[in-house]
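These are the residues of each chain, in order.
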Amino acid sequence: MTYIGIIITFVFINNFILTQFLGLCPFIGVSRNTESAVGMGFAVIFVMSMASITTWAIYNLILVPLGLEFLQTITFILIIATLVQFVEMVIQKVSPALYKALGIYLPLITTNCAVLGIALIAVRSEYNAPESFVAGFAAGVGFLLAILVMSTLREKLDKEWVPKCFRGVPIAFVTAGLMALAFMAFDKALLKNLLG
Amino acid sequence: MFNEFSKGLFKENPIFIVLLGLCPALAVSTQVINALGMGAGVIFVLLGSNIFVSLLKGFIPEKIRIPSYIVIIASFVTIVDLVMKAYAPSLSRNLGVFVQLIVVNCVILGRAEAFASKKTLPESILDALGMGLGFTLGLLLISLIREVFGAGTITLFAMGSFDGVVRIPWLSANPARVLGLASGALLVMGFLKALFNWLEDRKERAA
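These protein sequence lines are chains A and B, in that order. For the first sequence, this note's numbering assigns the number 1 to the initial residue and increments by one for each residue that follows. For the second sequence, this note's numbering assigns the number 1 to the initial residue and increments by one for each residue that follows.
Note that these hints are calculated values from the structure, not bench results. Treat each hint with caution, since some may be false.
Here are the computed distance ranges between Cβ atoms for each label pair [as the list claims (entries may be wrong)]: (1) A:Pro65 / B:Pro89: 40 to 50 angstroms; (2) B:Gly164 / A:Glu69: 22 to 32 angstroms; (3) A:Lys159 / B:Ala206: 23 to 33 angstroms; (4) A:Ala97 / B:Ala206: 51 to 61 angstroms.
The beta-carbon is built from N, C-alpha and C at its ideal position, and this holds for glycine as well.
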């Protein structure tokens with residue numbers, strides 16, 4: 001598949017949150033206001049791009065030659081946990097401003113299933129190194145797009161009257177459901193029409 | 001002691017009350033069989049990790065406890081993944097990447113950190129069984145609603161001449177297909193959570 005194809009697939013057609021339910025916990029938890037949603041979104045893009053290329057390298061250069069594919073799950077989660085820690089330290093050192101903006105979201109990302117999800121999906125789809133990187137980046141952008149739209153909707157919702165039992169999380173789910181319905185407009189046919 | 005078991009079923013139900021482990025709950029709830037398979041996997045991993053974390057609580061240094069828990073959990077997830085691939089290949093295909101994603105299911109790490117690392121072995125076992133069953137029940141409820149109304153069927157295990165699919169007469173001809181789609185999962189979850197909020201609110205007012 002071309003790079004543009006991969007990007008369109010992961011941002012719109014297989015949007016991680018709205019069609020695959022990966023990364024749902026931060027999506028519901030951090031979408032209260034736009035500012036934190038954007039912070040979380042960029043942190044996720046960063047970690048997902050790094051994670052997909054790193055796990056690709058470890059899987060194809062170490063696990064496969066040694067015949068240790070069954071260690072995939074355990075290796076990937078350790079790589080991601082280490083990577084998140086490492087990224088946190090580097091950002092803290094290099095750019096305190098960026099650290100201030102993203103800092104609190106970084107530890108949360110280790111248990112974000114979207115990150116492990118993209119690593120596992122890239123292996124399953126047999127992507128090569130640049131394709132894995134692009135897929136990770138695009139899936140992160142898809143996450144940012146969904147959480148950004150969601151947070152602006154929730155800020156509007158805060159000003160409206162909502163039945164008591166629907167306040168907070170339930171209405172967020174219903175909103176996400178309607179968003180997912182809208183995202184159904186993006187399907188494989190779109191990709192075919194665009195790229196032939 | 002029994003309370004450690006029963007709290008996971010209703011009062012602290014991981015899916016509806018604590019809102020943990022939602023990604024797999026929604027993603028695999030298209031068919032009842034997938035929900036049961038996922039539930040079984042989660043119960044096994046939760047039981048294994050709670051037992052090991054509880055037994056090792058004196059040995060794991062405070063600072064590296066989270067990575068240690070993750071390694072324990074990932075080992076059990078690998079066991080589930082390989083066993084499922086060998087003995088239930090079609091289930092394994094249906095659940096896909098979500099079997100491996102049990103590793104990042106926050107219910108399991110949450111119980112290791114909040115419960116098993118502080119309590120005795122029998123208490124941790126009961127807690128794991130209760131939380132695991134509570135998770136499975138929640139998953140079962142979502143998948144029943146989605147499959148019954150979204151496809152008009154209930155898919156169970158195939159046995160002998162029975163292909164494992166129960167068809168509901170009128171519904172299977174006129175299903176509300178939206179419930180089977182991704183958005184249906186989110187909508188069902190939203191309405192169920194609202195229902196539980198309403199029930200809790202009513203109980204509080206009565207008390």
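Violating hint indices (sorted, rising): When the structure is compared with the hints, only number 1 turns out to be violated.
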